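Asks: Below, each chain spelled out in residue letters.
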Amino acid sequence: MTIKLVAYGIAKDILGKHQMEIQLEAVNNLGDLKEWLCQQYPDFQKLRSLSLAVNEAYQDDDFALNTEDEVVIIPPVSGG
Amino acid sequence: MPEEIQLSPKELARYSRHIAIPEFGKAAQLKLKKAKVLVVGAGGLGSPVLMYLAAAGVGHIGIIDFDLVDDSNLQRQVLYNVNDIGQSKAETAKKKLLALNPYIQVTVYKEALTTENALDLIRQYDVVADGTDNFPTRYLVNDACVIEGKVNVYASIFRFEGQVAVFNYLQEGGDRGPNYRDLFPQAPAPGMVPSCAEGGVLGVLPGIIGSMQANEVIKVITGVGEPLSGRLFLFDAAYFSTRVLKIKKNPETKITELVNYEDFCGVPQKDEQVKEISVIALKAMMDQQTDFQLIDVRESFEYDLVNLGGTLIPLAEVAAAIDQIEKDKPVIVHCRSGHRSATAIKTLQSIFPFKNLLNLEGGILAYAKEIDRNMLTY
Chain A
261 MTIKLVAYGI AKDILGKHQM EIQLEAVNNL GDLKEWLCQQ YPDFQKLRSL
311 SLAVNEAYQD DDFALNTEDE VVIIPPVSGG
Chain B
4 MPEEIQLSPK ELARYSRHIA IPEFGKAAQL KLKKAKVLVV GAGGLGSPVL
54 MYLAAAGVGH IGIIDFDLVD DSNLQRQVLY NVNDIGQSKA ETAKKKLLAL
104 NPYIQVTVYK EALTTENALD LIRQYDVVAD GTDNFPTRYL VNDACVIEGK
154 VNVYASIFRF EGQVAVFNYL QEGGDRGPNY RDLFPQAPAP GMVPSCAEGG
204 VLGVLPGIIG SMQANEVIKV ITGVGEPLSG RLFLFDAAYF STRVLKIKKN
254 PETKITELVN YEDFCGVPQK DEQVKEISVI ALKAMMDQQT DFQLIDVRES
304 FEYDLVNLGG TLIPLAEVAA AIDQIEKDKP VIVHCRSGHR SATAIKTLQS
354 IFPFKNLLNL EGGILAYAKE IDRNMLTY
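Chains as they are written, first to last, in the working numbering: chain A, 261 to 340; chain B, 4 to 381.
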C-alpha cells in the first residue's frame, strides 16, 4: 500500500524531509509501520514515544492502515 | 464574609472591548478577574502569555522562573530589554505586568519548579500555563496538574514549529481530558531532541504560539468557545502549515504521585562514570602549560561566537572522530553548559575504555562567570 508520511520537528531531520510517500508490503497496522520506521531509521527508537496520527487523529498500534492514508509523525519538543 | 470581587468603573472602561463581545461580556471579564493563573517559565512563551494575560485582566498571576535575563534571550523574549540583562526574569516580568495593568496581582517565585514545591504551588492556582524549556519540567508540570486536578495549558516550540494543547481539562460529566503522558508516555532519549539553545528557534515563533496559549488560558477560565482539549495543534511557520490532531486518553496512563523526573527522562546523574573538572582547575592547567587536550563538542556556529581554543568536534560527530581523542594525557571536553560534553564523554567511553576524559563543569558559561567576565555568553 501507499502511505503518505508527514514529519514534524526532529522527525523531519530523521527522515531527511517534511513529507514523503512510501510503498509498503507486509504492513497492516500502525504498529507494523512503527517497526518499519524504526528499522529503516534507527534514530526513531531513541524518541521512545513515537506518536503517530492517521488522517488527523492520533491512533494506537493496532489501528488498521489503508492505502492512501496520511500518517503524521508527532515528535515531542521541549522548547519554551 | 470575604468581600465580593467586582469590576470597578475604571476596570469596566479598560476592558470595554472585551465586554462589547456578545459571547464574552461582563460575566467573562469578572471570571478573568477572579482567576489565578500560574505561568511556569517566563521566557519565549512566557513573555506573550504573561503580557496578554495581564492585559486581559487575569486577577492573579503567578510567575515561577529561577533564571536571569541574558542578551541572547532578547531575540524572542519580548518582555525584556537591554536594561534588564542580569536581572531576575520573574521580578522584571512582575514590574512590567504591573505597569501594564495596575488592577491585577502578581506573585513571583524566583526558583525552579521541583518535586518538592510543585504540588503546593499548583494547588493555589486555577490554571497552569506551561512554557518551560526542558522535558523533566514538562512531565513534572503535567503530573502535578493531574494530581491537583488543574488544567494544564501546554505549548512548546522548536525551530519553526510549535505545539499547543489543553491538557487535563474538566469535561462535561466530570471526566478529565487527555494529558501530556497520553500523547508522549515516555520522554525521548537525552540529547535526541535538541533544546532551543542547541537546535535554535525563530524569534517570532514563541510570539505566535504563546499568544495562542494565552488565548486557550482565557477560554478555559471564561468558558467562552471550545478549548483545545483532546486535540493537539501543530504549526510550521516555515511552510505556514497547520494541523489539529485528535488525541485520546491512554487507559494505561496512571499518575498518582510525583517521581524523579531527571531519572524518568534518562538525564545522566552526576555520580555516573563522567569525571568532572572545574573551570578554575582548567585555568590553572592552562597557566601552568600542562599538557592536555581540549575538545569542544558544540556546533561550529557556536565556536565562531566564542571559544576556548579547543578542537571543535560537534557532539554528533564524536563517535566517528574517536581517533582524534588522545588516550595518554588528560582530555577536557566542554560545551556551553556541560550537558552535551557529558553525553560526549559517555559516548566515547562506551566505545573505548578511556580513563582520561574530564567534563568541564558548567562549560563556557561557567568559564565566563568565574574566569573571564568579558567573554561573550549566549
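Simulated from the structure, these hints should not be mistaken for laboratory data.
This structure is a prediction, so every number in the text was calculated from the model and none was measured.
A virtual CB, placed ideally from N, CA and C, is assigned to each residue, including glycine.
Any given hint could turn out to be false.
What the hints assert, rightly or not - Some, not all, of what chain B presents toward chain A, calculated at C-beta under 7 angstroms: (1) GLY46; (2) THR118; (3) ASN120; (4) ILE160; (5) PRO191.
As the list claims (entries may be wrong) - Listed below are the simulated DSSO-like cross-link pairs for lysine-lysine, each with C-alpha atoms no more than 30 angstroms apart in a straight line: (6) B:LYS332 <-> B:LYS286; (7) B:LYS358 <-> A:LYS294; (8) B:LYS252 <-> A:LYS264; (9) B:LYS36 <-> B:LYS98; (10) A:LYS294 <-> B:LYS349; (11) B:LYS252 <-> A:LYS294; (12) B:LYS251 <-> A:LYS294; (13) B:LYS332 <-> A:LYS264; (14) A:LYS306 <-> B:LYS39; (15) A:LYS306 <-> B:LYS257; (16) A:LYS272 <-> B:LYS249; (17) B:LYS358 <-> A:LYS306; (18) B:LYS34 <-> B:LYS249; (19) B:LYS99 <-> B:LYS39; (20) A:LYS306 <-> B:LYS349; (21) A:LYS264 <-> B:LYS36; (22) B:LYS252 <-> A:LYS272; (23) B:LYS113 <-> B:LYS99; (24) A:LYS277 <-> B:LYS251; (25) B:LYS249 <-> A:LYS277; (26) B:LYS249 <-> A:LYS306; (27) A:LYS272 <-> B:LYS349; (28) A:LYS272 <-> B:LYS358; (29) B:LYS372 <-> B:LYS286; (30) B:LYS349 <-> B:LYS332; (31) B:LYS278 <-> A:LYS294; (32) B:LYS251 <-> A:LYS306; (33) A:LYS306 <-> B:LYS278; (34) B:LYS349 <-> B:LYS372; (35) B:LYS249 <-> B:LYS349.
Asks: Please verify whether B:LYS252 and A:LYS294 have alpha carbons no more than 30 angstroms apart.
Replies: holds, 20 angstroms
Asks: For the pair supplied as a hint, A:LYS306 and B:LYS278, confirm whether the alpha-carbon distance does not exceed 30 angstroms.
Replies: holds, 25 angstroms
Asks: Is B:LYS358 close enough to A:LYS294, meaning Cα to Cα at most 30 angstroms?
Replies: Status violated; Cα separation ~39 angstroms.
Asks: Holds or violated: B:LYS249 and A:LYS306, Cα atoms, limit 30 angstroms.
Replies: holds, 24 angstroms
Asks: Quickly compare the C-alpha distance for B:LYS249 and A:LYS277 to 30 angstroms and report which way the hint goes.
Replies: holds, 24 angstroms
Asks: Measure nothing beyond the straight line between the CA atoms of A:LYS264 and B:LYS36; if it is 30 angstroms or shorter, mark the hint as holding.
Replies: violated, 47 angstroms
Asks: Does B:LYS99 sit within 30 angstroms of B:LYS113, going by the straight-line distance between their CA atoms?
Replies: holds, 16 angstroms
Asks: Hint check: B:LYS251 vs A:LYS306, CA-CA at most 30 angstroms. Holds or violated?
Replies: At roughly 23 angstroms apart (the allowed maximum being 30 angstroms), A:LYS306 and B:LYS251 satisfy the hint.
Asks: Tell me if the straight-line CA distance from A:LYS272 to B:LYS358 falls inside 30 angstroms.
Replies: Given that 30 angstroms is the threshold and the Cα spacing comes to 37 angstroms, the pair is violated.
Asks: Are the Cα atoms of A:LYS294 and B:LYS349 separated by 30 angstroms or less?
Replies: holds, 28 angstroms
Asks: Holds or violated: is there a CB of chain A closer than 7 angstroms to the CB of B:ASN120?
Replies: This interface hint is violated because 19 angstroms lies over the 7 angstroms limit.
Asks: Please verify whether B:LYS349 and B:LYS332 have alpha carbons no more than 30 angstroms apart.
Replies: holds, 18 angstroms
Hints 2, 3, 7, 13, 14, 21, 28, 31, 35, counting from the list given before, are not met by this structure.
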